[in-house]
Structures are given as structure tokens and as C-alpha cells.
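Colleague: Residue numbers (this note's numbering), protein chains in the order written: chain W, 1 to 152; chain Y, 1001 to 1250.
In case anyone wonders, no lab produced these hints; they're calculated from the structure. Ideal placement from N, C-alpha and C gives every residue a C-beta, glycine not left out. Possibly wrong hints are sitting among the right ones.
Stated by the list, open to error - No farther apart than 30 Å at their CA atoms in a straight line, the calculated lysine-lysine pairs in the BS3-like style are these:
(1) W:K142 to Y:K1039
(2) W:K49 to W:K142
(3) W:K28 to Y:K1099
To be verified - Non-contacting residues of chain Y with respect to chain W, defined by C-beta distances greater than 12 Å in every case (computed):
(4) N1010
(5) E1013
(6) T1061
(7) L1102
(8) E1104
(9) T1150
(10) V1168
(11) T1172
(12) P1187
(13) I1204
Stated by the list, open to error - Sample of chain W residues at the chain Y side, in silico, Cβ under 8 Å:
(14) L7
(15) F19
(16) L22
(17) F23
(18) P90
(19) P93
(20) S95
(21) M101
(22) S103
(23) A124
(24) A127
(25) V130
(26) A137
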Amino acid sequence: MTNNEILQIIAGFVGSLGFGILFNIRGKRLIFAAVGGLISWGLFVVFNKAFSNEVICYFLVAAIVSLYAEISARFLKTPTTTFITTSLIPLIPGSSLYYTMNSAFIGGFETFVQKAIVTLQLAAALALGVILSAAFAKIFFKKAPIITKTEE
Amino acid sequence: MLEKLGYIVNIGEQMLLSGAEVHRVEESINRMGYALGAKRVDVFIITSSMVVTFHLENGETYTQTRRILSASTDYEKLHRLNDLSRNICSGELTSEDIKNKLSEISALKCFPVWVEVLCYAVIAGAFTLFFGGGILEAAFSFAIGAVLRTVIYFCDKINSNKIFSKFVSSATITLLAFALVRLKLIPSADTVIIGNIMTLIPGIGLTNALRDLFTGDSIAGLLRFIEVFLIALAIAAGYFIVVILGGMPV
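Start from the sequences, fold in the hints, and give me the full structure.
Modeller: See below:
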């Protein structure tokens, strides 16, 4: 791992921590949320070496990190959203969106469309990863059934 | 009994207002309703409205609707509401208990604004480093982040329109970053702008929108998707207007 990658991972942690505070997460849950940010960029760095395709990496990282979020949420007895929204912060395609806007002025139409598509692909990969994990979590962590009094 | 059912709807409303997903709120209301002895519970929620009907044992029905205006994100509140809903399902909370708990939760405070200013600054600085900026860029980004939260604060004061506030925020970031380049303080505005855009961009909103769409809450998902799309457009528009009026600094 290069210095730059380590710096990125730390920055990802700080970013998630900052959003955790903005979202008013307190105590132990805040630590879990921030560590999620660290894990997500750490995994991205590792996967990026193996696959060298950002979209696939985003999908895999989102799936694994959401699983981390599902497990943390059950462990700390709090809604899963708390950890999903904060942990995935470093993966938000902010730079992608910026370069898309930028290319509207200096790249020409083709570059613009190309970058816009990449941005959408990254966002979709994130969402699909989250959905996949949620579906798995639903199968593996059974919830108590809702007790109804209608059946007689 | 009826009083308790009313509180359930309030709890659901508060959950939505603190940033819970539609799906989760529907489930919580269902669970609480059945736990309190409703024969059947019908809940329909989209991000801006909720309709809840409880069918009681004695044949009466009890319906309430709520208009949801502006949801924010407050996970501490959500956590406590979630706890309360668990307790209602399992324990014997009296209607007085529920009322007290609810007002206790409503009185919870967020962090003061200066903490948020600091958070915006730190997040912007961190992401400038993250996207390859140097220490100097990060320091400027930190300062702009603090200005940005202040601008949002005043936007909230005069106009609660989210889209407009994002537009102004984005224009402010771009203007300040370009000014720094023109003053020859930094060679390129890219990483400074990106660091700050990370605080504005609705990336999580998009993830949630797509998730709602794929998991069956189509209407809620579509509404969210449109909102996210408009916010992204507003951010782009803020950037564009500065570039068009002031030109790209080289």
C-alpha cells in the first residue's frame, strides 16, 4: 500500500466520522459508522488492484460494507440505515460528478456523455451492492414474525 | 387504546422525519399496531405522506393521515424511536409512558451549528486530500467548507427550498475556489471544489432511491429519485453559472 492510499483510507475514515456527527450518531454507533468508512475505502484499494474496473469494485465493496452495516445494526440494535449511509460516504462519486460538469465546458459533448454514464454506473453499482446485501440479510437474519390475532 | 394508536402514527411520522426508510416505518407501524391488538393494519407511506388504518376487534376502524414536509437526518432520534417501538411491541407501556417517551425524544437536541460548521470544514478538507489535493488545497477547502455551512445556515433562515439552497451552495464553492486560482494561491480548483461538493452531493439519496425502487416501494423510490436528480442539477447549475459569468480560470 502506498502512502497515498493510506492517506486516502484515513481521509475516508475522517469523512465518514464527519458525516456521522452531522447525522447525529452518538456513542459506540459513531465509532462503528466511521470504521465503516475506513473499511469501505480499504476494500476498494484492495479490489481495485485485483480488478482494475471501478464499477465492479464499487459493487463488491458496497455489498460487503452493507453486510458489515447489517451485522453492526443487529449487534447495536439500531436501524441499518445508520451504518449504510455513513460507511459508503467515501464511495460517493463526487469527483465523477464534478468531472462530468467540468467536461460540459472543456471536454466536448462526447466526453461529457461518457463521464455522465460512468457517474451513473458507479451510483447504480453502489445501490445494487446494497440491495444484494439487504436481500441476503433478510434470508440469513430472520426477524420475529409479526403476531396477528386474525387467524382463528 | 385509541390514544395509543394515535401515538403509533406519531412515532411513525417522527421516524420518517429523522431519516428512516419507508419500508422500515411501514414495518414498525404494522408491528406496533398488531401488538396493541388491532385486527388488521393497513399502512401506506411515501416520502411525503402517510396513511394508516387500524381495524379494531369491535369492528371499528381508525384512520389517520400525515403530511410529511421536510425530512432531515437524525439517527440518534431514530435510534430512540426504534427502541420505543420495540418496547411497545414487547412490553406493557401505558399510554402515559408512550406520551412521555415521545415528548422526551422530540426534545432531543442536535449538535449546535458551530459543530456542523466544523464538520463541513473537516469533511471538505479530508476529501480534498482524498482526491489528491495537497496540504495547501486541503487548508483552503477546510475554510471554504466552513463558509459553505454558514451560507446554508442563512439559506435555511430565509428560504427552506432545498434545491435553491444547493444551487447557492454550489455557486459559492465554485466562486471561492476560482478566486483562489485567480489569486494564484492554488494551481487548480478541482480538488477544492470536489472536497466541498462531497458535502452537498446526494449520493446516499440516490442509493436509497434505487433501493426503494428495486425493493418494491416504487412510488417512494421515484419521488426520491426525482429529488436527487433535481439536487444534482442544482449543483451543476451553481457551477455552470459561475463558469459562464466569470469564465474558467486558467
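Colleague: Taking the hints in turn, state whether each one holds.
Modeller: The hints, checked one at a time:
no.	hint	result
1	W:K142 to Y:K1039	holds, 24 Å
2	W:K49 to W:K142	violated, 36 Å
3	W:K28 to Y:K1099	holds, 27 Å
4	N1010	holds, 18 Å
5	E1013	holds, 16 Å
6	T1061	holds, 14 Å
7	L1102	holds, 18 Å
8	E1104	holds, 15 Å
9	T1150	holds, 15 Å
10	V1168	holds, 16 Å
11	T1172	holds, 15 Å
12	P1187	holds, 15 Å
13	I1204	violated, 5 Å
14	L7	holds, 6 Å
15	F19	holds, 7 Å
16	L22	holds, 5 Å
17	F23	holds, 5 Å
18	P90	holds, 7 Å
19	P93	holds, 7 Å
20	S95	holds, 5 Å
21	M101	holds, 5 Å
22	S103	violated, 11 Å
23	A124	holds, 7 Å
24	A127	holds, 3 Å
25	V130	holds, 6 Å
26	A137	violated, 12 Å
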